[in-house]
Amino acid sequence: MGDSFKLKKRARGGGEGNWALTLADMMTLLLCFFVLLLTIADVDQNKYKSVSESMAEAMGVEVQGAGEGSFVTRVPINTDQRNIFEMQIEISRLVGRETDALKIKMRPDSVEVILKGAFFFNSGKADLTKQAEKVLSKIVPTLAKSPYDIVVEGHSDNIPIRSKQFPSNWELSSARASAVARYLIKSGFSKNRIKVMGMADTAPMYPNVDKAGRSIPENQKKNRRVTLLVFPAGKNAEK
Numbered sequence: 001m002g003d004s005f006k007l008k009k010r011a012r013g014g015g016e017g018n019w020a021l022t023l024a025d026m027m028t029l030l031l032c033f034f035v036l037l038l039t040i041a042d043v044d045q046n047k048y049k050s051v052s053e054s055m056a057e058a059m060g061v062e063v064q065g066a067g068e069g070s071f072v073t074r075v076p077i078n079t080d081q082r083n084i085f086e087m088q089i090e091i092s093r094l095v096g097r098e099t100d101a102l103k104i105k106m107r108p109d110s111v112e113v114i115l116k117g118a119f120f121f122n123s124g125k126a127d128l129t130k131q132a133e134k135v136l137s138k139i140v141p142t143l144a145k146s147p148y149d150i151v152v153e154g155h156s157d158n159i160p161i162r163s164k165q166f167p168s169n170w171e172l173s174s175a176r177a178s179a180v181a182r183y184l185i186k187s188g189f190s191k192n193r194i195k196v197m198g199m200a201d202t203a204p205m206y207p208n209v210d211k212a213g214r215s216i217p218e219n220q221k222k223n224r225r226v227t228l229l230v231f232p233a234g235k236n237a238e239k
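Numbering of the sequence shown is given in full-length UniProt numbering, commencing with residue 1 and proceeding in unit increments.
In case anyone wonders, no lab produced these hints; they're calculated from the structure. Glycine is no exception: its CB is placed at the ideal position from the N, C-alpha and C atoms. Fair warning: there could be bad hints in the mix.
Said to hold, decoys possible - Using 30 angstroms as the maximum straight-line C-alpha spacing, the simulated DSSO-like pairs for lysine-lysine come out as follows:
no., residue 1, residue 2
1, Lys222, Lys116
2, Lys191, Lys103
3, Lys134, Lys116
4, Lys105, Lys186
5, Lys105, Lys138
6, Lys186, Lys145
7, Lys130, Lys195
8, Lys186, Lys221
9, Lys211, Lys138
10, Lys222, Lys138
11, Lys105, Lys164
12, Lys116, Lys191
13, Lys130, Lys211
14, Lys125, Lys195
15, Lys211, Lys186
16, Lys145, Lys211
Claimed, not checked - Label-pair distances were calculated between CB atoms; the ranges are:
no., residue 1, residue 2, range
17, Pro141, Lys211, 41 to 49 angstroms
18, Thr79, Lys221, 35 to 43 angstroms
19, Lys211, Lys134, 35 to 43 angstroms
20, Ser146, Ala212, 44 to 52 angstroms
All chains, full assembly: derive it from the sequences and hints.
Pasting the structure below:
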C-alpha cells in the first residue's frame, strides 16, 4: 500500500500539546478501523485506496500518493467527527462477518448498514425471516443502549408488484422498513429515535436496466434492501 499520511509542520508558538493529542486520538481510531476492516473482509486494493481517501477527506487529512508532494492542510477532527468514527468502529465490531446478510458503508456524518433483501425477506413479503432476526439480535440491543438515532429506509427494485397486500412497491418498501423498525422498538430502541421511509425504486444503488432497457437481475437483487442510517444522537433531524 503505497499511500501514506504526512503532516505539514506549523511554526506556531503554543497549543502544540493539545493539537498532538487530537492527532494521536485520530490516528488511533483510524488504525483500529483499518485493522477491523482487515479482520472482517477480504481487502481489494482499489477499494482500500478508495476507503482510505474517503476517510482521510472526512477527517481533514490529505493522502500523499507515491511521488507526490502534497501535505495535510486541513484542521484536526472535531468532537462530532470523533464520535462518528467511534460509532463506525463499534457497529463494524457488532456486525462481524455477516457479509451474506448485510454490508456497511461509511459516510462523513453517519454509518449506512445495508440489510440485503433476499436474506431478510421472502419474495413479495414484508415479514422478517428467522435468519434476519438472528442477525439483528446481534446489533440492535447495543444500538438501543447507545446514543444513536436511526433512519430506516425500505428500497425495492423496478419490477412492479400488484398483490392484494401490496398494490405497489411503495407499500412493500414501506412495510419492510416498518418491520425492521418494529424489531428495533421491540428490542428496546426508543420510537422517538427512529424515522421510517418507503422509497420504492426511486433510489437504486445500481442501475436496474442497461442502456438498451434490458433488466439486470443481479443489480435488481442488490437494490432490494432495507438500510439503517445510523447517526449520532440528534443528527438525523438534519436529513
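Results for each hint:
1. Lys222 <-> Lys116: Answer holds: lysine 222 to lysine 116 is near 7 angstroms, not above 30 angstroms.
2. Lys191 <-> Lys103: holds, 24 angstroms
3. Lys134 <-> Lys116: holds, 14 angstroms
4. Lys105 <-> Lys186: This hinted pair holds, its Cα atoms lying about 25 angstroms apart.
5. Lys105 <-> Lys138: holds, 18 angstroms
6. Lys186 <-> Lys145: Cα-Cα ~13 angstroms, so holds.
7. Lys130 <-> Lys195: holds, 24 angstroms
8. Lys186 <-> Lys221: Since the Cα atoms of lysine 186 and lysine 221 sit roughly 28 angstroms apart, the hinted pair holds (cutoff 30 angstroms).
9. Lys211 <-> Lys138: Outside the cut-off at roughly 41 angstroms; violated.
10. Lys222 <-> Lys138: Holds, at about 23 angstroms.
11. Lys105 <-> Lys164: violated, 35 angstroms
12. Lys116 <-> Lys191: Distance of about 23 angstroms is within 30 angstroms: holds.
13. Lys130 <-> Lys211: Distance ~38 angstroms between lysine 130 and lysine 211 Cα, so the pair is violated.
14. Lys125 <-> Lys195: holds, 21 angstroms
15. Lys211 <-> Lys186: violated, 44 angstroms
16. Lys145 <-> Lys211: violated, 46 angstroms
17. Pro141 <-> Lys211: 41 to 49 angstroms: holds, 46 angstroms
18. Thr79 <-> Lys221: 35 to 43 angstroms: holds, 40 angstroms
19. Lys211 <-> Lys134: 35 to 43 angstroms: holds, 40 angstroms
20. Ser146 <-> Ala212: 44 to 52 angstroms: holds, 47 angstroms
The structure shown violates the earlier hints numbered 9, 11, 13, 15 and 16.
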